[in-house]
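J.: Okay, here's what each chain looks like letter by letter:
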Amino acid sequence: MMALEGFRFRRGESFIHRSDPRAKFLLSFAFMMMAIAFVKLEFLLLIFTIQIAILANGRCLKDWLRSLKGLIPLIILIIAAQLLVSWSWVSAATYSLRFVVITSTMSWFLLTTSPDDLGLSLEQVGLPSDISFAFTMAIRFVPVISQEFQSVYDAQRSRGLELEKGSFIQRIRKYVPIIVPVFIETIRRTYEIADAMEVRAFGAKPKRTRLNTLIMRPSDWAISLIAVLLLVGTVCLYLFNIKVPLINV
Amino acid sequence: MVEIEAKDVWYSYRHGIDALRGVSLKIESGERVAIMGENGAGKTTLIKLFNGLLKPTKGEVLIDKISTRNISVAQISRKVGMVFQKPENQFFAETVEEEIAFGLRNFGFKDISKRVDEALAFASLERYRGKSPFSLSGGEKKRLAIATVMAWEPDALLIDEPTIGQDLSQKVHLATFLRDISSRGKTVVIITHDVDFAAETCERAVLLSKGVVVGDGKIEQIFSNLELMESASLLPPMIVPLLRRLGVKEFTKGLLGIDEAEKLIVQAVKR
Amino acid sequence: MLPLNVRNLTFTYDGNDFPSLLDINMKVEEGEFVLITGPSGCGKSTLCKSFVGLVPHSYPGKMEGDVEVFGLSVKERSVSDIATRAGLVFQDPENQLFTLSVENDVAFGPENLALPRDEIRKRVDWSTCAVRIQDLLHRAPFELSGGQQQRVAIASILAMKPTLLIFDEPTAFLDPVSAKSLFELISSLKKELSITVILVEHRLDMVAALATRVIVLDRGRIVLDGEPRKVLSDEALKKTGVGAPAVTRLCMNLRERGFELRVPIDIEEAAEELLKILGGMHLG
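So the sequence lines, in the order shown, correspond to chains A, B and C.
Position in the first sequence counted from 1, then plus 170, gives you this note's numbering.
Position in the second sequence counted from 1, then plus 667, gives you this note's numbering.
Position in the third sequence counted from 1, then plus 2, gives you this note's numbering.
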């Protein structure tokens, strides 16, 4: 659960917070593509440093570190696998760093972008408002459902349920008393939410108007441009197998 | 018989909010206590500390003089049963009797069948034995939740907001139910907003406000102290301000309900 | 035009053997404050849903009779059509707030109506002021207290400018002080905005004095309907399991013993009456 904290939106007034979600998405997508295409330690370190700078600007380093803590088992797994395959520490470091860079890309994007703005950007990009709204609501209710799991878990523990004990099969079955009530409650909740939406005239008109809309500022256009250039560059280098020192040599 | 004690307990949630700040209180065997205060005062945190779900950040919670840090939630729950606010949050079995059997199995009881029968009888739910717990009405679900806990006969029962969503007749039944449980020697601790229900069911009230105990004593003394109640964001039973206006200074427990008030007025008029 | 006209309403949910509402007849005039109460399972929620069309449109079942809201038939019109005339506030604030800022939640309704942006802006500002949460515009609803969340829910409904407001046990999850505060808000909204209010509530001691009319439901039928003092002092009330305010019950008991007093619905009235029979003398 703690790992998920590194992907949950935190409000802020920083430059990165106020940047347009569409620009940020392009940039984070570019970073991700670069990390996938160019598996070179020095290059990944460069991207990693830039990401740290972004996270620092957004004041969300602490949350991001928490997500890393949760991912440590996976990181160790990657290091171990690489060592077995290639006997090289450099290789192990490179692949584990690549994993961190890719997850950090998603992390800084989600930490600094409000789900409301995400939904809005999806709408402004052309997605039907139903879908973008479903997306926003799903994110908005994740903490609620996570809290439900905790409450149900607490309640069942108070009835003597001990998840840590028993064989593997027994332990899996012990999750039933936790999953079933949450599932049922979630279904019940959706009826209430649907009612509340209906009485607010959801679906009255084919196209909704919006109080707040996203406007691209010059800095957002700049970020988008940089992102597009990076993407194009990445694709070219990759497709035409051009070798550039420090990037893919 | 069980003794529950909080010794200078502090609890902070991860985000640095202090939910409880130096709470000390002792609940003896067989007491009937109402823990009250506004939403966010720390009531739920306190009972979660009592049954071990939470461990204090500072200070100790002792169950029969053993710190909750040294025993598991399951061990504590065996002695100190907890019923949560939303019974629906824990139902998952196909039938009511399986729901009751769940806790019994977890605690390793052998006479499960007998205990299930007794629990069903005690809660007047026999006719629902083979039915789904979700087919019960709100009041029946509450009784089922309490019955599932009573089945393993803990020495104390902690109940979080037993009266939410209950109408008057359901509350009357619940109050009688809890008094029955208490008459079997069990300690009953309820968190509630409902002052009338608390007056019916308990003899002691503990008031929490912003993580601190602001009042602890006989329920009639606490409820008749209008300034204290207000400081804890509580409204006293309607009778209290009325009787105060009519000049009553000292309150007995009976005076929190209308029957005694009626007698008092009748006597006064006769004079 | 009547805000609400319910005629011979009988409703049975699909899959149920018995109707949840049986032969309901009630007319609500403009400016009334109607309190609807009854034991658990009496059909209060189903009734509220029928006032806005959720029953029968979202909850399939057999509906006989009709409900008219400002002349519009709930059967024939969509829930969206009714939504601009009658608003419904539910019990659980959590499931009525969908976004991460109060402003977005309050704008939700007007956005659905595809109103122009300045109109939405005006309505958001107006309704948040009406419920006194204008300082909370940019806060996230989940950070707010239960009472504040319900105010956001009310503001989001007000933003659609209904003239009939229905509240289905809005204080179920609130503590008594927050509940009292919410009832006071509802009462002042009614006066300031000249709207008609229907409130479903158990906690009669707090609201009896605010209502102009009390309707008691039991097992799907209306069993009592009239002026608060009459209904709360009616013998039939006890049979339904609904509790009149403690001070009312006290004075009713005294009346049975032969004392002459009027039936009070709040502490002030009770004190007045009792001081009279005590001849100004004090107890204790």
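FYI, nobody ran anything at the bench for these hints, they're computed from the structure.
Positions of the beta carbon are idealized from the N, C-alpha and C atoms, including for glycine.
There may be inaccurate statements among the hints.
Which residues of chain A face chain B? A few of them, derived with a C-beta cut under 10 Å, are [what the hints assert, rightly or not]: (1) ARG327; (2) GLY330; (3) LEU395; (4) VAL398.
Below are the EDC-like pairs computed for lysine to aspartate or glutamate, each with C-alpha atoms no more than 20 Å apart in a straight line [what the hints assert, rightly or not]: (5) C/LYS192 x C/ASP68; (6) B/LYS937 x C/GLU262; (7) C/LYS240 x B/ASP883.
J.: Evaluate each hint against the coordinates.
T.: Status of the hints after comparison with the structure:
1. Interface hint at A/ARG327: satisfied, since its Cβ lies 5 Å from the closest Cβ of chain B, which is below the 10 Å cut-off.
2. Annotation: interface hint on A/GLY330 holds; nearest CB of chain B at approximately 3 Å, less than 10 Å.
3. Interface hint at A/LEU395: violated, since its Cβ lies 39 Å from the closest Cβ of chain B, which is beyond the 10 Å cut-off.
4. With its C-beta approaching chain B no nearer than about 39 Å, A/VAL398 sits outside the 10 Å limit, and its interface hint is violated.
5. Taking the CA atoms of C/LYS192 and C/ASP68, the gap is near 26 Å; set against the 20 Å cutoff, the hint is violated.
6. For the given pair, B/LYS937 sits about 14 Å from C/GLU262 by alpha-carbon distance, which is consistent with the 20 Å threshold.
7. Using a Cα cut-off of 20 Å, the hinted pair C/LYS240 and B/ASP883 is violated, with the two alpha carbons roughly 35 Å apart.
Of the numbered hints given earlier, the model fails hints 3, 4, 5, 7; all others are met.
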